[in-house]
Amino acid sequence: MWKIFIIIFGVLFGIFMPRSIYENYTDADLEDSTYEEDSYVNSEDSTYEEYPYVNSEDGSYEDYPYPYPDPEYAAGRGNLKTYNNKDYDPTKTDWENYGDTGSIMEIADTDWALENAPVFHVETKEQLAGVVYYVNAVKGYNDSVELYLEADIDLDGLEWVPMGGWYRPDRYLEHTTFVGIIDGQNHIIKNMHIDTKYGGHCGFVGYSYSLQMKNITFEKAYVSGGTYVGIAGGEIYGSEDWINVNVSGMVGTPGPETGSIVGREAGINFRDCDATVVYKKENGRFGSIRYFSHRYQLIAETPVVEAFTLTYENGVITRDEVEGYDNLGWHIERDGSLLLDRAAEGELQLPAEYTYPDTSIWLEAYINGTYIRVSNIIEVP
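Numbering of the sequence shown is given in the working numbering, commencing with residue 208 and proceeding in unit increments.
It is possible that part of the hints are untrue.
What the hints assert, rightly or not - Derived pair list, reagent style SDA-like, types lysine to any residue, alpha-carbon separation capped at 25 Å:
#	residue 1	residue 2
1	421	474
2	299	325
3	299	382
4	397	363
5	397	355
6	299	313
7	299	318
8	397	488
9	404	355
10	404	495
11	299	331
12	397	364
As the list claims (entries may be wrong) - Label-pair distances were calculated between CB atoms; the ranges are:
#	residue 1	residue 2	range
13	584	534	15 to 23 Å
14	447	314	29 to 37 Å
15	534	321	39 to 47 Å
16	534	349	23 to 31 Å
17	556	314	53 to 61 Å
18	544	588	17 to 25 Å
19	481	296	41 to 49 Å
20	588	313	53 to 61 Å
21	550	511	18 to 26 Å
22	318	561	30 to 38 Å
23	347	563	32 to 40 Å
No wet-lab data here; the hints were simulated from the structure. Yeah, the Cβ is synthetic: ideal placement off N, Cα and C, and Gly gets one too.
With the hints as extra help, turn the sequences into a complete structure.
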């Protein structure tokens, strides 16, 4: 998964979408075919890019939703108990003391979560809130979690928060993660409302470097954040197939990396998934979030130019040499699922051991922030 480490850094901006807007949209808005089918990124009527990421007149991080790591904490020399001069409760976790817990700690069944971790069979919203607590406040960075829904769950009236993506104030750029599997077992999560305000990692799972999700539906969800915004996931890496993940609802004014299912991802193959997601413009009309992720949008909007020619003979695939393409790689799929990505720079032939039967093979290069096909496709019998 060598592609995952190619990440574009940019300036982050955000807009806060009041909840009243969410409450004023109905299921008819999702089904109304009259909303404008234009691209939501850099739209002419959007004020998103004009709004500062930090909501403070003097440019400070005073209004930032999470404590911002100052230089002392970046160097690991700070005293967490007096951080930002906030009251510290030694009976609570760091996440409870310093994070945005929304409504989670008002209803979370923490005893149930601690007794059942790391495998959760969730039947109630209290148990689901307990899983959020466990992921954000208790588990280690690399510890895996399994979450299975045993019933439909309605989160109406609650301020939900993502699992993963909370930055610890005492550890510069280290955040919580959800690592593992989420299997909805064909159940529904209804009326999920998440607003990370000017922060990122906004979605049911805020951040993961390894996550499989399947057989789950999010119905009438509302998510809003600064960047990496999607209903099911905010920023997700190290994942391959997501199967039968279905979302409907609304996204606050979309940021630079927004998708209907996932905001930023680096290789998810969405299989049998569906999304009906809108956002509300300043003119009162609804626009459509038409792509499962920001990467899918980039791929759709970047023309494919078959600059390289591949040939297949005696079990060996050979390419020609063309200059001007970065991070060239072999891409191998079977039935739409990724089998292998392999660096191709300096390699004019794909070794025979990688020409797996019943596969499709082509070259990709890093263009416009993602990987785009740059050759013809070889179908290996």
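Checked hints:
| no. | hint | result |
| --- | --- | --- |
| 1 | 421 to 474 | holds, 16 Å |
| 2 | 299 to 325 | holds, 20 Å |
| 3 | 299 to 382 | holds, 18 Å |
| 4 | 397 to 363 | holds, 7 Å |
| 5 | 397 to 355 | holds, 16 Å |
| 6 | 299 to 313 | holds, 14 Å |
| 7 | 299 to 318 | holds, 14 Å |
| 8 | 397 to 488 | holds, 24 Å |
| 9 | 404 to 355 | violated, 29 Å |
| 10 | 404 to 495 | holds, 21 Å |
| 11 | 299 to 331 | holds, 23 Å |
| 12 | 397 to 364 | holds, 11 Å |
| 13 | 584 to 534: 15 to 23 Å | holds, 19 Å |
| 14 | 447 to 314: 29 to 37 Å | holds, 34 Å |
| 15 | 534 to 321: 39 to 47 Å | holds, 44 Å |
| 16 | 534 to 349: 23 to 31 Å | holds, 27 Å |
| 17 | 556 to 314: 53 to 61 Å | holds, 59 Å |
| 18 | 544 to 588: 17 to 25 Å | holds, 18 Å |
| 19 | 481 to 296: 41 to 49 Å | holds, 44 Å |
| 20 | 588 to 313: 53 to 61 Å | holds, 60 Å |
| 21 | 550 to 511: 18 to 26 Å | holds, 20 Å |
| 22 | 318 to 561: 30 to 38 Å | violated, 51 Å |
| 23 | 347 to 563: 32 to 40 Å | holds, 36 Å |
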